[in-house]
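Peer 1: Kindly generate the complete structure, drawing on both the sequences and the hints.
Residue numbers (our numbering), protein chains in the order written: chain A, 17 to 230; chain B, 17 to 230.
Hints in this document: simulated from the structure, not taken from any laboratory. Since the structure is predicted, the reported quantities are computational estimates derived from the model, not experimental observations. A portion of the hints provided could be inaccurate.
[Said to hold, decoys possible] If you want a taste of the chain A side facing chain B, the calculated C-beta under 10 Å gives, among others:
1. 32
2. 192
3. 208
[Claimed, not checked] Think about it this way: if two alpha-carbon atoms lie no more than 30 Å apart in a straight line, the pair counts; the simulated DSS-like pairs of lysine-lysine are:
4. 162(A) with 127(A)
5. 31(B) with 134(A)
6. 127(B) with 228(B)
7. 162(B) with 31(A)
8. 31(A) with 127(B)
9. 162(B) with 162(A)
10. 134(B) with 162(B)
11. 127(A) with 228(A)
12. 127(A) with 31(B)
13. 162(B) with 127(B)
14. 134(A) with 162(A)
15. 228(A) with 228(B)
16. 134(A) with 228(A)
17. 228(B) with 134(B)
18. 31(B) with 31(A)
Quick reminder that beta carbons are idealized off the backbone N, C-alpha and C, glycines included.
Here is how the chains run, residue by residue.
2 protein chains.
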Amino acid sequence: MDAPTERTRVKRLNKRARYDEETVHGILDAMPICTVGYVFGGAPYATPTLQWREGGHVYWHGSSASRMLEACEEAQVCLTVSIIDGFVMARSAFNHSCNYRSVMVFGTARKVSDPAEKEARLRAFTEGLWPGRWDMLRQMTAQELKATTVLSLSLDEASAKVRSGPPGDDEEDYALPVWAGVIPVRQQVLSPVDDPRLMPGLTPPEHIRRFKIG
Amino acid sequence: MDAPTERTRVKRLNKRARYDEETVHGILDAMPICTVGYVFGGAPYATPTLQWREGGHVYWHGSSASRMLEACEEAQVCLTVSIIDGFVMARSAFNHSCNYRSVMVFGTARKVSDPAEKEARLRAFTEGLWPGRWDMLRQMTAQELKATTVLSLSLDEASAKVRSGPPGDDEEDYALPVWAGVIPVRQQVLSPVDDPRLMPGLTPPEHIRRFKIG
Numbered sequence: 017m018d019a020p021t022e023r024t025r026v027k028r029l030n031k032r033a034r035y036d037e038e039t040v041h042g043i044l045d046a047m048p049i050c051t052v053g054y055v056f057g058g059a060p061y062a063t064p065t066l067q068w069r070e071g072g073h074v075y076w077h078g079s080s081a082s083r084m085l086e087a088c089e090e091a092q093v094c095l096t097v098s099i100i101d102g103f104v105m106a107r108s109a110f111n112h113s114c115n116y117r118s119v120m121v122f123g124t125a126r127k128v129s130d131p132a133e134k135e136a137r138l139r140a141f142t143e144g145l146w147p148g149r150w151d152m153l154r155q156m157t158a159q160e161l162k163a164t165t166v167l168s169l170s171l172d173e174a175s176a177k178v179r180s181g182p183p184g185d186d187e188e189d190y191a192l193p194v195w196a197g198v199i200p201v202r203q204q205v206l207s208p209v210d211d212p213r214l215m216p217g218l219t220p221p222e223h224i225r226r227f228k229i230g
Numbered sequence: 017m018d019a020p021t022e023r024t025r026v027k028r029l030n031k032r033a034r035y036d037e038e039t040v041h042g043i044l045d046a047m048p049i050c051t052v053g054y055v056f057g058g059a060p061y062a063t064p065t066l067q068w069r070e071g072g073h074v075y076w077h078g079s080s081a082s083r084m085l086e087a088c089e090e091a092q093v094c095l096t097v098s099i100i101d102g103f104v105m106a107r108s109a110f111n112h113s114c115n116y117r118s119v120m121v122f123g124t125a126r127k128v129s130d131p132a133e134k135e136a137r138l139r140a141f142t143e144g145l146w147p148g149r150w151d152m153l154r155q156m157t158a159q160e161l162k163a164t165t166v167l168s169l170s171l172d173e174a175s176a177k178v179r180s181g182p183p184g185d186d187e188e189d190y191a192l193p194v195w196a197g198v199i200p201v202r203q204q205v206l207s208p209v210d211d212p213r214l215m216p217g218l219t220p221p222e223h224i225r226r227f228k229i230g
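Peer 2: Written out as structure tokens, the structure reads:
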């Protein structure tokens, strides 16, 4: 993953580019929400979904009836994760920017066909977000497993782009009486809300209380 | 926008589909962060950027040297906004879900060529997020305007998908002693951070203090 390919080499603002595994994995692991770009009937689609990483692959899943998953299977895709960290407020419109951490992964999506492997991947997805939850749940049925498609994508062609810090204004603009700085933003996780049909006496387990993303 | 086209008709879980202007506009106006799907050299790309809406169009912008903007011009694109509102924790893995509000817009991206129109669009973008800021800033130069590309996309082919509320478990699973409910998440805006080079005595104006997204 360390050497960028023609496709993953960041062209614009390449001082923001990162190709090291630590950065790419860190961003993917911090944010399950992603967008998958694919081509269907010759036209581009960008569909939001959840991803998870195991080793050198990312995975995503959904209904076996999903048009998106069908269109992605054995096809070229681009999976993008972006975390917005702040709005960078400069003294000119032109120098406004965002602080962010993003990853783009290119490659051919493969279907995880073996049922045992598929279940293992789904387990890893659940356990990655909520450690200990899988074994508390009602077991997955063979029918549910069949109704679920899991796709994988190698991280061989992945790149990250990161911006942080204050605005970079034109030197002469620093003398202007304009407030400049950063408005930080982050994904906030609020207190869990009980299902109205929750069995009396149950409280959110640690994996719910400790959940965070971003 | 009210009647879905073949492409915008939501196929999966179509009870979550919304085609009304109020819902589509509401989601676009709530969240500037988007992902643009496009095709470049035959392969799909999904690039995160910021969007804004004026009337029946969405817009996005960037450097005139941007490969993304060049690839999108006069081409088919898919612009997606997704706001995650919560993780829906069920009693089986299969019934886990997310609460979200998302919009997909399909169509051909057009370049805003007239410099005055381009500047008006950028002004609307800035003013939409931070009312009153544009006129406080150092004016945009002709060179900066030339170095900026603005693309537009009609909302004629737009659809929204919305999920909210508690998990929907299989009837027999409600008797299981598994904590179920929703972990709400939202974009949190933190206190603004002064630029280290801020002119002494300046404080964040109202448009900075009142900023929120999501």
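Peer 1: Hints first: check each against the structure and report whether it holds.
Peer 2: Hints and how they fare:
| no. | hint | verdict |
| --- | --- | --- |
| 1 | 32 | violated (13 Å) |
| 2 | 192 | holds (6 Å) |
| 3 | 208 | holds (5 Å) |
| 4 | 162(A) with 127(A) | holds (13 Å) |
| 5 | 31(B) with 134(A) | holds (28 Å) |
| 6 | 127(B) with 228(B) | holds (29 Å) |
| 7 | 162(B) with 31(A) | holds (23 Å) |
| 8 | 31(A) with 127(B) | holds (27 Å) |
| 9 | 162(B) with 162(A) | violated (54 Å) |
| 10 | 134(B) with 162(B) | holds (9 Å) |
| 11 | 127(A) with 228(A) | holds (29 Å) |
| 12 | 127(A) with 31(B) | holds (27 Å) |
| 13 | 162(B) with 127(B) | holds (13 Å) |
| 14 | 134(A) with 162(A) | holds (9 Å) |
| 15 | 228(A) with 228(B) | holds (20 Å) |
| 16 | 134(A) with 228(A) | holds (25 Å) |
| 17 | 228(B) with 134(B) | holds (25 Å) |
| 18 | 31(B) with 31(A) | violated (45 Å) |
Taken one by one, the earlier hints fail for this structure at numbers 1, 9 and 18, listed in ascending order.
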